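*Asks:* Sequence:
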Amino acid sequence: MTAALDTARALLAAWPVVDGHNDLPWALREQVRYDLARRDLATDQSAALHTDLPRLRAGGVGAQFWSVYVRSDYAGDHAVSATLEQIDAVHQLTDRYASDLRLARTADDMEAARAEGRIASLMGAEGGHSINNSLATLRAFHALGVRYMTLTHNDNNDWADSATDEPRHHGLSPFGEEVVREMNRCGMLVDLSHVSPDTMRDALRVTTAPVIFSHSSARAVCDHPRNIPDDVLAQLPANGGIAMATFVPKFVLPAAVEWTLRADENMRAHGLHHLDTTERGMAVQRAFEAANPRPVATAATVADHLDHMREVAGIDHIGIGGDFDGTAFTPADLADVASYPTLIAELLDRKWSPADLAKLTWQNAVRVLRAAEDAARAEQSRRAPSNAVLT
745 MTAALDTARA LLAAWPVVDG HNDLPWALRE QVRYDLARRD LATDQSAALH
795 TDLPRLRAGG VGAQFWSVYV RSDYAGDHAV SATLEQIDAV HQLTDRYASD
845 LRLARTADDM EAARAEGRIA SLMGAEGGHS INNSLATLRA FHALGVRYMT
895 LTHNDNNDWA DSATDEPRHH GLSPFGEEVV REMNRCGMLV DLSHVSPDTM
945 RDALRVTTAP VIFSHSSARA VCDHPRNIPD DVLAQLPANG GIAMATFVPK
995 FVLPAAVEWT LRADENMRAH GLHHLDTTER GMAVQRAFEA ANPRPVATAA
1045 TVADHLDHMR EVAGIDHIGI GGDFDGTAFT PADLADVASY PTLIAELLDR
1095 KWSPADLAKL TWQNAVRVLR AAEDAARAEQ SRRAPSNAVL T
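Numbers given in my numbering equal positions in the sequence shown, counted from 1, plus 744.
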């Protein structure tokens, strides 16, 4: 493994990781209300976070989609303003650490950041509730730099069904289809992580641009509703999109699914949201883990998903979306953003070629964003901004 790790680091120096999803902005909101002096990312933050600049460098990260997520129990204008605060936090990060981070809006920006030795910083809004059913708000988010929107989070919204809620629309409503069309016209990637299979299929039917799954793995390998069915993976070549495998144990390791349900119930019994990763929330999680040892995922677990996703969708349609700082637990050897070389070494041991790994880490994601930009120019030549409203 030592030789494979050396080779992995060399590969990542040439073709660094584009990670599809990191929840650092929400962690900064919850822990220190965006007080960056208290979480100085230029220094080791491993006691509180999965992410800091030294570990991003050690992990070979060249581009990061920072999630500007807000919880789905935030509603209406509260959801909009909280998302704006999240967007502002990313702008603060790129301003404060300008020698390491570069705000990126386009595929060309990503390539320029790589040439400069900086980490391209993109944004993804996680959950369509963030726009409060307003296409003008969607356009405003795009103007501020948001380059994907996950159509739902863990709950249905007024126009799309989530993977982890009871069916309400059985996919996308007519307004939901209009949201997808307007995202295509703007150049905002349609992110299908978190959505139901019917919503996935509806979005693939409607979209004129490639879609992404910013942090989802293969349902055939781990039967969790957050993962992607094979029939949907098989549609990605025709669509041109990309599925970015996540590291979250409950989504990749079958034995972890039931354990996590019990851990979530324990969090709620303590009056906490099950996704709470504050100091108090993590103390409750660690106490539960000590009393109930959890099944442990590894890089090999994630590689099993990537092997399957490559087989079904093809090497041109897969990527990586770790979900660091958005999960209480990580695989044993993928503990933080410094860990990507371990996964690449595992894939090298499975005979993935350097050319395949370059597509997985960098080339596929850049190609998909560029294709969305091309599709947006075509859509803008055909039609004006939509002023549709939810009815």
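Think of the hints as simulated: they come from the structure by calculation, not from any bench.
Since this is a predicted model, take the numbers as computed values, not measurements.
Wrong hints could be hidden among the right ones.
Label-pair ranges, simulated between beta-carbon atoms [claimed, not checked]:
| no. | residue 1 | residue 2 | range |
| --- | --- | --- | --- |
| 1 | Ala1031 | Thr952 | 45 to 51 Å |
| 2 | Pro969 | Ala1044 | 21 to 27 Å |
| 3 | Ala978 | Glu829 | 38 to 44 Å |
| 4 | Gly861 | Glu1023 | 23 to 29 Å |
| 5 | Arg1121 | Glu1023 | 20 to 26 Å |
| 6 | Arg1121 | Ala1034 | 29 to 35 Å |
| 7 | Pro798 | Glu1033 | 24 to 30 Å |
| 8 | Leu780 | His822 | 20 to 26 Å |
| 9 | His835 | Ala880 | 16 to 22 Å |
C-beta atoms are modelled at their ideal positions from N, C-alpha and C, and glycine is treated no differently.
*Asks:* Each hint needs a verdict: does it hold in this structure or not?
*Replies:* Comparing the hints with the structure gives:
1. The given range of 45 to 51 Å is respected by Ala1031 and Thr952, whose C-beta atoms sit roughly 50 Å from each other.
2. The hinted window of 21 to 27 Å between Pro969 and Ala1044 holds, with their beta carbons roughly 23 Å apart.
3. Remark: the range hint 38 to 44 Å for Ala978 to Glu829 is upheld by a beta-carbon distance near 39 Å.
4. At roughly 34 Å, the beta-carbon separation of Gly861 and Glu1023 lies outside the given 23 to 29 Å, and the hint is violated.
5. Checked against the hint of 20 to 26 Å, the C-beta distance between Arg1121 and Glu1023 comes to roughly 47 Å, which is inconsistent with it.
6. Taken as a hint, the range 29 to 35 Å is violated for the pair Arg1121 and Ala1034, whose Cβ atoms sit roughly 55 Å apart.
7. Hint check: Pro798 to Glu1033, Cβ distance near 27 Å, so the stated range 24 to 30 Å holds.
8. In this structure, Leu780 and His822 meet the distance hint of 20 to 26 Å, their C-beta atoms being roughly 24 Å apart.
9. Remark: the range hint 16 to 22 Å for His835 to Ala880 is upheld by a beta-carbon distance near 21 Å.
Of the numbered hints given earlier, the model fails hints 4, 5 and 6; all others are met.
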